[in-house]
Each structure stands twice: as C-alpha cells, then as structure tokens.
Amino acid sequence: MIEASPRQDRASDNGRKYSLTRDRRIFAWLMVAPAVLILSALVLYPLVSLLVMSLRDYGTGGNTIDFDWVGLKWYAMLTSDHRFVRGLLRSIQYSLGSVSGALVLGLGLAMLLNRNYRGIGVLRVLFILPYTTMMVAIALLWNIMLNPANGIMNYFLQAIGLPASLWLADTRTVLPTLIMIQIWRSTPFAMLIALAGLRSMPLDSFEAADIDGASPLQKFRYLTLPMLRSALATAALFMLIDTLKQFPLIYVLTGGGPLRASETLYIYGYNLTFRFFDIGYGSAALVALLLLVLTVSVIWLRVRERSWL
Amino acid sequence: MLSHAADAANLASRRRRQRAKIVDRVVWSLLCGGLLIVFVFPFVYMVVLSLKNPAAIAADPHSFIFTPTLSNYTAIIRDTPFLHQLRNSAIVGFGSVLFSFLIGLPAAYVIGRQKMKRVAITVLIVRMVPSIVFILPIFIVYGLVGLRNTHIGLIISHLILVLPLMIWLMIGFFEDVPRELEEQAYIDGCTHWGAFLRIAIPLVSPGLVVTGILALIQSWNDLIFVLVLSGNETQTLPMAVFQFMDTEQLNLGGIAAAAALLTVPVMIMGVFAQRWLAQGLTLGGVK
Numbered sequence: 002m003i004e005a006s007p008r009q010d011r012a013s014d015n016g017r018k019y020s021l022t023r024d025r026r027i028f029a030w031l032m033v034a035p036a037v038l039i040l041s042a043l044v045l046y047p048l049v050s051l052l053v054m055s056l057r058d059y060g061t062g063g064n065t066i067d068f069d070w071v072g073l074k075w076y077a078m079l080t081s082d083h084r085f086v087r088g089l090l091r092s093i094q095y096s097l098g099s100v101s102g103a104l105v106l107g108l109g110l111a112m113l114l115n116r117n118y119r120g121i122g123v124l125r126v127l128f129i130l131p132y133t134t135m136m137v138a139i140a141l142l143w144n145i146m147l148n149p150a151n152g153i154m155n156y157f158l159q160a161i162g163l164p165a166s167l168w169l170a171d172t173r174t175v176l177p178t179l180i181m182i183q184i185w186r187s188t189p190f191a192m193l194i195a196l197a198g199l200r201s202m203p204l205d206s207f208e209a210a211d212i213d214g215a216s217p218l219q220k221f222r223y224l225t226l227p228m229l230r231s232a233l234a235t236a237a238l239f240m241l242i243d244t245l246k247q248f249p250l251i252y253v254l255t256g257g258g259p260l261r262a263s264e265t266l267y268i269y270g271y272n273l274t275f276r277f278f279d280i281g282y283g284s285a286a287l288v289a290l291l292l293l294v295l296t297v298s299v300i301w302l303r304v305r306e307r308s309w310l
Numbered sequence: 066m067l068s069h070a071a072d073a074a075n076l077a078s079r080r081r082r083q084r085a086k087i088v089d090r091v092v093w094s095l096l097c098g099g100l101l102i103v104f105v106f107p108f109v110y111m112v113v114l115s116l117k118n119p120a121a122i123a124a125d126p127h128s129f130i131f132t133p134t135l136s137n138y139t140a141i142i143r144d145t146p147f148l149h150q151l152r153n154s155a156i157v158g159f160g161s162v163l164f165s166f167l168i169g170l171p172a173a174y175v176i177g178r179q180k181m182k183r184v185a186i187t188v189l190i191v192r193m194v195p196s197i198v199f200i201l202p203i204f205i206v207y208g209l210v211g212l213r214n215t216h217i218g219l220i221i222s223h224l225i226l227v228l229p230l231m232i233w234l235m236i237g238f239f240e241d242v243p244r245e246l247e248e249q250a251y252i253d254g255c256t257h258w259g260a261f262l263r264i265a266i267p268l269v270s271p272g273l274v275v276t277g278i279l280a281l282i283q284s285w286n287d288l289i290f291v292l293v294l295s296g297n298e299t300q301t302l303p304m305a306v307f308q309f310m311d312t313e314q315l316n317l318g319g320i321a322a323a324a325a326l327l328t329v330p331v332m333i334m335g336v337f338a339q340r341w342l343a344q345g346l347t348l349g350g351v352k
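Residue numbers (this note's numbering), protein chains in the order written: chain A, 2 to 310; chain B, 66 to 352.
Bound conformation, chain A alone (with noise of 0.2 Å):
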C-alpha cells in the first residue's frame, strides 16, 4: 500500500494533465469549427465548382443546366487562343513593371522619411494617401487628369514643351499608362515595408562604416540593401500577387480597351464569363489565373520568415 502510493500519484497526475491538454483540445477546435466550416463552404465549394464546369461544354447564352462533359477540351483550346496568351502576358508585363517601379519609388520615398524631422509623421500619413483611397476613386481622379482634350496631364506635358498623349485611348499608351497609376498606387505600401525594415537596422554597423569613411553611396551598396533584401523580397511578391489581381482600376479606365489592348488575363476571364456568358471555356480561364496566382503565392509563402508560421 505505501509502496504503490507514489504510482497512484503519478498516475492520477497524468490523468489530470491529460484531460486538460484534451479539453484544451476540444475547446481549440470548437472555437476554429466555425471560421473552418464557414469558410470551406464558402471557398471549397466555389472552387470544386469551378473546376468541374471548366470540364463542361454548357453551349453559349448563360444556360447553367445542360451540359456535355468535354474533359480538358478548354484547357487545350486556351493554349492556342491569341486573345488568352496574350492577356496572360499582358498580366505579367503588367505586374513586373509596376512591382520593380513601385520597389524603387518606395525604397528611395523609405529613405527620405527615415528622419527624424519634427512634422515627418503627418508627411508619412499623405504619401500612404494613393494606396488607402478606393480604387475606383483612383481610377475616377486619373480620368479625369489624363483626359486627352482638357486633362492636367497633358497639360504638364505641353508646359515642359513635350507633344500631347492620348494616354488611355492609344492602343501603344494604354499599358504603360495603367502601370504607371498601378505604381503611383503600390509606391506607398513598398515604402511603408522599406521603412519598417530601416528602422529596425542596427545602427552600430552604420556607424563603424562612417568611422571606415564609406561614402553614402558604398553604405547604401553594401549595407542597406542587403539588410531589406528579404523585406524587400517578400513585399515585391506581395504586390506581384496583388497586381495580377488588378481588376476595379482596368475595369473601369478601359474595360480591356482600347481594341483589347489592356485586356488582361483577368479581364479576359472576365469577359468571357459575364460578358459573353461563356461558362465552360470562361471557368478554364478563370483556373488558368487561379493557378498563376497561386504558384505566385506559394512562392512568396516560402520566401517569407516568419517565427512559425
């Protein structure tokens, strides 16, 4: 009897241990039940969805009902349409160019206001302006000034002594123009990541670097950058994700125009669905996107550091 005591002990000590860790279970699961099961159903059933109609011939005019199975006919029928691989193009010109402008902008814009200036908080809040206005607000504000008769733009232009443009209605300018807005809207996000990450810097190095009488320019070269690559590296693909999904500012300057010249993937797919009604060969496009975002993210989620997640 007092031999076994101390087992007894032990034992009844695990039991307890294990039925709090079990509670402790029961209760995590029962507070993430409803986010999981509202947002499985939400998002699985969706995208199953998806995946099956794009395996579906449904004729055109919107008709959801009748259908042959057609296996992966769309899937091969997208590689051979212009209209596609040229949208899907489009897509990437469009990221890639905005992305590497709006890194540079918003690392030099990071630099200027990585000071200690009395009032540099109130001039932080107006640069983030462009990226916490709506974006059809930002699609109606350059409307207006990039109009070809009256807008300021073409305004400026003439002013410096340069010929007018027809920025948005020239099938040449049209791209450039919406990358051009794309980055004066992505700048401040980069900006902010580029400060965050200057002003976690450790200083000391900064400074055996001034006593060594490195120029600005060597400090920037050989300590700056390195220390925000990975900052840098993770808000880049950050931003390419989020361009590929540009749709409000596109849509609404362009709708894809002028004579397709704009037309993203994203508008492409777009079309086809709730334009054309085109649900079969739509949806294949729409996987198309999906799995271009996708592997975009995965990517960005291995670059990330994060403590465990």
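It should be emphasised that the hints constitute simulated quantities derived from the structure, not laboratory data.
One or more of the hints may lead you astray.
Stated by the list, open to error - So, partial list: chain A residues that the calculated Cβ filter (under 8 Å) puts toward chain B:
no.	residue
1	43
2	46
3	48
4	138
5	144
6	185
7	215
8	216
9	219
10	275
11	277
12	291
13	300
Beta carbons: idealized from backbone N, C-alpha and C, even for Gly.
Go by the hints and put chain B onto chain A.
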C-alpha cells in the same frame, strides 16, 4: 601658435560640416517636395476641380483662382443614388465585419495560441485567391436560393474577402498578448472561454480597431462581387463610378466631386487610425 592652428582647422571643419548639413537639408526638401507633388497633388486637384462650376471648368480647368461652389456635390446627392449606395455600403461593410469578428476572433485566438500552422497558411492562401474565381459558382447558387440582389447575400460573399484578412491580422495581435496572464487566470479558476473573453479580448482592443477598419476598407473597395451579385436596390458605393464614366466628357466637376466623396469616408477612418494604419497595412502583407 600650435593651438591656434588647431583651432582654425577645427573651425574650418565645423563650417564644412555645417555647410554639408544645409546642402543635405535643401536636397532633402526638394526631393520630398517633388514626390509630394506626384503623390498628393492629384487629391488636391480633385478637390479644387470639384469646387468649380461648369462655366469655370470650361473657361480654364487648370486655374486655381475661381469662386468655389458646392453645386457639384449637391447635384450628386440630388441626382444620383449616392446616399442610397452609401447606406448599402455601410450595411454590407459593417455586416460582414461584424460577422467576421464573431466567427474570426475565436479562430484567430486559438490559431495564435496553439500555433496551428496549417490552418494559418490555409487562411493566408484563401486571402491570395483572386475573388473572381469564386463568383460564378456563387452567382449560380444565389440564383437558386434567391440571394441575388440582397444585403445578406452580399454580406456572405464579402466574408470571403474580410474573414481571412481579419483572422490573419488578429493572429498577430493575439500573439503579442503575454501567455502568463492567461495562465494566471486559469490558476484563479478561469475557464478557457473566460480567459479568451476577459483577458485576451480586452488586451487586443487597439488591434480590434485597426483590423475592423482595414476589414471595412476591404469590403468597401470591392467592385467585382457587387458588380455581379447586386442589383439596383443593393448596389454599393463603388458602383457610383459607372454613372460618371458614361457622361465622362460632359461633367468634369461632377466626376471630381464623386471621386472626392468616395475618398472621404476611407480617409476619415485612416486619419482616425493613422497611428496603427501603417502597421496594420503591412502586417497583412508581409509579416
């Protein structure tokens, strides 16, 4: 003699440093001013243009000297369903944010505490998926169950946008709450639910404000769900755009006023939460 020479050299180097400081300051101001024009001037121009009457715009759209008028604003409120759209945006935005808080807060708390990596990554991936891929199936189902052109239908669809963002942001805020406080509460006889409700939630309240605002902005910005799933009765603010794009050449002042009205609600929220806004905006993206 020696000390004099040293003094002179010292003085010269101090002058040089001072001059370099002034040059630095001037260059800085010029660069900042230039960039400020690029990034902020469009908003100023928008406000100026919105305060001009059509005659002033026809005379010279770019002059900054004119008699301001609010006629563009009153015209929008009188002639377009702007207030109606604002109301719908508020219903859908607050509805989806409220639902997301109810469902998302417990989830974010547990994911953060138990470090449920897979669930967290899944939530993040959902956030990355382009919303257009969800819309066609939802559109079809909504047609069957009669949820097209209803507020509740829009709220449900916006959960896809809002819920992952909210969970993701709140995980970060919950992680900052020291675990010891909850351990202490358990010892005092508190349940898990009690610790969540009475300890964790009050401590993340600043995070709740930021997350709520960012989630609201997310819902207000959405165009594509509203474009497909709403109708005349339920259309939200972003749809106001199309009333102005049709009459594009005719009414510059009206478009500017509309853009200003669309900018203001979010801007007010931004000023209100500016202390945390930068943190919140980047948290969702990078950390």
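Now for the hints, and whether the structure bears them out:
1. For residue 43 of chain A, the suggested interface contact is upheld, since its CB lies about 5 Å from the closest CB of chain B, less than 8 Å.
2. Taken as an interface hint, residue 46 of chain A checks out: its beta carbon lies about 7 Å from the nearest beta carbon of chain B, inside 8 Å.
3. For the restraint placing residue 48 of chain A at the interface with chain B, the shortest Cβ-Cβ distance is roughly 7 Å, inside the 8 Å limit, so the hint holds.
4. For residue 138 of chain A, the suggested interface contact is upheld, since its CB lies about 4 Å from the closest CB of chain B, less than 8 Å.
5. A cut of 8 Å between beta carbons decides the hint on residue 144 of chain A: the least distance to chain B is about 7 Å, and the hint holds.
6. Contact between residue 185 of chain A and chain B, as hinted, is supported at the beta carbon level, the nearest pair being about 7 Å apart and thus within 8 Å.
7. At its closest, the beta carbon of residue 215 of chain A sits 16 Å from a beta carbon of chain B; the interface hint therefore is violated under the 8 Å criterion.
8. With 8 Å as the threshold, the beta carbon of residue 216 of chain A stays out of range of chain B, its nearest partner Cβ sitting at about 13 Å, so the hint is violated.
9. Hint on residue 219 of chain A is violated. Least Cβ distance to chain B is approximately 17 Å, over the 8 Å limit.
10. The criterion of a C-beta within 8 Å of any C-beta in chain B is met by residue 275 of chain A, whose closest approach is roughly 6 Å, and the hint holds.
11. Taking 8 Å as the C-beta contact cut-off toward chain B, the hint placing residue 277 of chain A at the interface is violated, the least distance being around 13 Å.
12. Nearest Cβ of chain B to the Cβ of residue 291 of chain A: about 5 Å, under the 8 Å cut. The hint holds.
13. Given the 8 Å rule on beta carbons, the hint for residue 300 of chain A is violated: about 11 Å separates it from the nearest Cβ of chain B.
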